[in-house]
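Protein chains in written order, with the working numbering: chain A, 1 to 117; chain B, 1 to 99; chain C, 1 to 111.
The set of hints was computed from the structure by calculation and includes no laboratory data.
Backbone N, C-alpha and C fix where the C-beta goes; we use that ideal spot for every residue, glycine too.
It is possible that some hints are incorrect.
What the hints assert, rightly or not - Listed below are several chain A residues computed to face chain B (Cβ distance under 7 Å; list not exhaustive):
{"no.": "1", "residue": "40"}
{"no.": "2", "residue": "44"}
{"no.": "3", "residue": "101"}
{"no.": "4", "residue": "104"}
{"no.": "5", "residue": "105"}
{"no.": "6", "residue": "108"}
{"no.": "7", "residue": "114"}
{"no.": "8", "residue": "116"}
To be verified - Below, a list of computed lysine-lysine pairs in the DSBU-like style, where the Cα atoms sit at most 35 Å apart:
{"no.": "9", "chain 1": "C", "residue 1": "15", "chain 2": "A", "residue 2": "56"}
{"no.": "10", "chain 1": "B", "residue 1": "25", "chain 2": "B", "residue 2": "95"}
{"no.": "11", "chain 1": "A", "residue 1": "56", "chain 2": "C", "residue 2": "96"}
{"no.": "12", "chain 1": "C", "residue 1": "15", "chain 2": "A", "residue 2": "48"}
{"no.": "13", "chain 1": "A", "residue 1": "48", "chain 2": "C", "residue 2": "80"}
{"no.": "14", "chain 1": "C", "residue 1": "15", "chain 2": "A", "residue 2": "97"}
{"no.": "15", "chain 1": "C", "residue 1": "78", "chain 2": "C", "residue 2": "106"}
{"no.": "16", "chain 1": "A", "residue 1": "58", "chain 2": "C", "residue 2": "15"}
{"no.": "17", "chain 1": "C", "residue 1": "96", "chain 2": "A", "residue 2": "58"}
{"no.": "18", "chain 1": "A", "residue 1": "97", "chain 2": "A", "residue 2": "56"}
{"no.": "19", "chain 1": "B", "residue 1": "76", "chain 2": "A", "residue 2": "97"}
Unchecked claim - Restraint-style ranges between C-beta atoms, simulated for each label pair:
{"no.": "20", "chain 1": "A", "residue 1": "49", "chain 2": "C", "residue 2": "38", "range": "43 to 49 Å"}
{"no.": "21", "chain 1": "A", "residue 1": "56", "chain 2": "B", "residue 2": "77", "range": "35 to 41 Å"}
{"no.": "22", "chain 1": "A", "residue 1": "49", "chain 2": "B", "residue 2": "43", "range": "31 to 37 Å"}
{"no.": "23", "chain 1": "A", "residue 1": "65", "chain 2": "B", "residue 2": "71", "range": "41 to 47 Å"}
{"no.": "24", "chain 1": "A", "residue 1": "19", "chain 2": "B", "residue 2": "94", "range": "23 to 29 Å"}
{"no.": "25", "chain 1": "A", "residue 1": "100", "chain 2": "B", "residue 2": "87", "range": "31 to 37 Å"}
{"no.": "26", "chain 1": "C", "residue 1": "82", "chain 2": "B", "residue 2": "50", "range": "34 to 40 Å"}
{"no.": "27", "chain 1": "B", "residue 1": "51", "chain 2": "A", "residue 2": "56", "range": "51 to 57 Å"}
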Amino acid sequence: MSSLLVISRHPPAAPAAREALDLALAAAAFGVPVGMLFLDAGVLQLLKGQEAALIKQKSLTANLQALSMFDVEDLFVCQHSLSERGLTPNQLLLPAKPVEGSEIASLLEHYDQVVTL
Amino acid sequence: MLHILRHTPQDTSRFASSLRVMGPKQGLLLIEDGVYALLPRTTALSALQLLPASVRLYALETDVIARGLAMDDVPKRVTLVDYPTFVQLCTQYDKVLSW
Amino acid sequence: MSDILVDGEAIALDKEGFLLDLEDWSESVAAALAEREGIILTPAHLEVIQALRNFYQTYQLSPAMRPLVKYVGQQLGKEKGTSLYLLRLFPGSPAKFGAKLAGLPKPDNCL
């Protein structure tokens, strides 16, 4: 089965953040090997300690934690996007692997399909 | 892989990020507001010029003209394409990534 | 839309038989929903239903089949974390049927 990389690049409150996650979960539910790359403002989805209910939103955090239940284990986070926002990997709620630009270029080649949201 | 950029490079991080992750053998096609990356004397254009020569650059001619960008200002390494060529490029590259 | 009567109270369902208000759930409601589908709940059903509710509590979504199998395996033991076991308890589509009896929203990514 061909593999899919979902690039998620919007902050957690943006509808596109949930759409990217839904896409990854749906593909995984059907047995597609899925990876997720958090890029640009998408890295903010991974910040620990979010309380989405306070702004009347469903918790994206809870849904993100379901990724491992859906066997989506290949999680990547753009190191540059983290640094731009003064963040470090230990502030993240998922064990996403920090990757540099050239590593991302290889990821784009590695996966059969790549989608940005 | 062909990257397709359709947003203004000045307003979003899409442009910068797509360049950052561009592999040496990949292509970049500017369409819609993405063609504003061709505005002369901008950091966006300089960034395009700095891409390795192995990265092929394309822009959709219609979108360039529609936005009043001077054709003379379009750098030589950028190939202007029409719609049929746009489609052809999408099939020619193994993957297409829209930003 | 239809209602069922459980312990003298009308419980609202959508046209597929899922609870409209997730707060309405109780074991008696689950039993009544199961009966509508021709199933008598056993402790084996109930522990999976409870696992489904825990899954929803934790991840705030109804699991599709694969994550349900994995989760049940982790929570209730490997021998129960198989699609065969779940199919026997909840014939047809365990994720969908199970979610219905557990008072969860219909899973999005389900066959």
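So, going through the hints one by one against the coordinates:
1. Annotation: residue 40 of chain A was flagged as interfacial toward chain B, and the flag holds, the nearest CB pair being 5 Å apart, inside 7 Å.
2. Because the smallest distance between the Cβ of residue 44 of chain A and any Cβ of chain B comes to about 12 Å, over 7 Å, the interface hint for this residue is violated.
3. Taken as an interface hint, residue 101 of chain A checks out: its beta carbon lies about 4 Å from the nearest beta carbon of chain B, inside 7 Å.
4. Checking residue 104 of chain A against chain B: minimum C-beta separation of about 4 Å stays under 7 Å; hint holds.
5. The criterion of a C-beta within 7 Å of any C-beta in chain B is met by residue 105 of chain A, whose closest approach is roughly 4 Å, and the hint holds.
6. With 7 Å as the threshold, the beta carbon of residue 108 of chain A comes within range of chain B, its nearest partner Cβ sitting at about 6 Å, so the hint holds.
7. Checking residue 114 of chain A against chain B by beta carbon gives a least distance of about 5 Å; that is within 7 Å, so the hint holds.
8. Taking 7 Å as the C-beta contact cut-off toward chain B, the hint placing residue 116 of chain A at the interface holds, the least distance being around 6 Å.
9. For the hint linking residue 15 of chain C to residue 56 of chain A, the alpha-carbon distance of about 27 Å falls within 35 Å, and the restraint holds.
10. Straight-line distance between C-alpha atoms of residue 25 of chain B and residue 95 of chain B comes to about 12 Å, which keeps the hinted pair within the 35 Å bound.
11. For the hint pairing residue 56 of chain A with residue 96 of chain C, the CA-to-CA distance comes to about 27 Å; that is within 35 Å, so the pair holds.
12. Distance hint between residue 15 of chain C and residue 48 of chain A is unfulfilled; the C-alpha atoms sit about 39 Å from each other, more than 35 Å.
13. For the hint linking residue 48 of chain A to residue 80 of chain C, the alpha-carbon distance of about 33 Å falls within 35 Å, and the restraint holds.
14. Simply put, residue 15 of chain C and residue 97 of chain A have alpha-carbon atoms about 44 Å apart, too far for the 35 Å limit, and the pair is violated.
15. With a CA separation close to 25 Å, the supplied pair residue 78 of chain C and residue 106 of chain C stays within the 35 Å bound.
16. With a CA separation close to 25 Å, the supplied pair residue 58 of chain A and residue 15 of chain C stays within the 35 Å bound.
17. The hinted pair formed by residue 96 of chain C and residue 58 of chain A meets the criterion: a straight-line CA distance of about 21 Å does not exceed 35 Å.
18. Between residue 97 of chain A and residue 56 of chain A the alpha-carbon distance is near 30 Å, which keeps this suggested pair within the 35 Å criterion.
19. Only pairs whose Cα atoms come within 35 Å are accepted, and residue 76 of chain B paired with residue 97 of chain A is rejected, the gap being roughly 39 Å.
20. For residue 49 of chain A paired with residue 38 of chain C, a C-beta distance near 46 Å keeps the hint of 43 to 49 Å intact.
21. Take residue 56 of chain A and residue 77 of chain B: their Cβ atoms lie about 50 Å apart, and the range 35 to 41 Å is violated.
22. With their beta carbons about 36 Å apart, residue 49 of chain A and residue 43 of chain B fall inside the hinted range of 31 to 37 Å.
23. The supplied range of 41 to 47 Å is broken by residue 65 of chain A and residue 71 of chain B, whose beta-carbon atoms lie about 52 Å from each other.
24. Taking 23 to 29 Å as the suggested C-beta distance range, the pair residue 19 of chain A and residue 94 of chain B conforms, at roughly 25 Å.
25. For residue 100 of chain A and residue 87 of chain B, the Cβ-Cβ distance of about 34 Å falls inside the hinted range of 31 to 37 Å, so the restraint holds.
26. With their beta carbons about 55 Å apart, residue 82 of chain C and residue 50 of chain B fall outside the hinted range of 34 to 40 Å.
27. Taken as a hint, the range 51 to 57 Å is violated for the pair residue 51 of chain B and residue 56 of chain A, whose Cβ atoms sit roughly 44 Å apart.
Hint violations for this structure: numbers 2, 12, 14, 19, 21, 23, 26, 27, all remaining hints satisfied.
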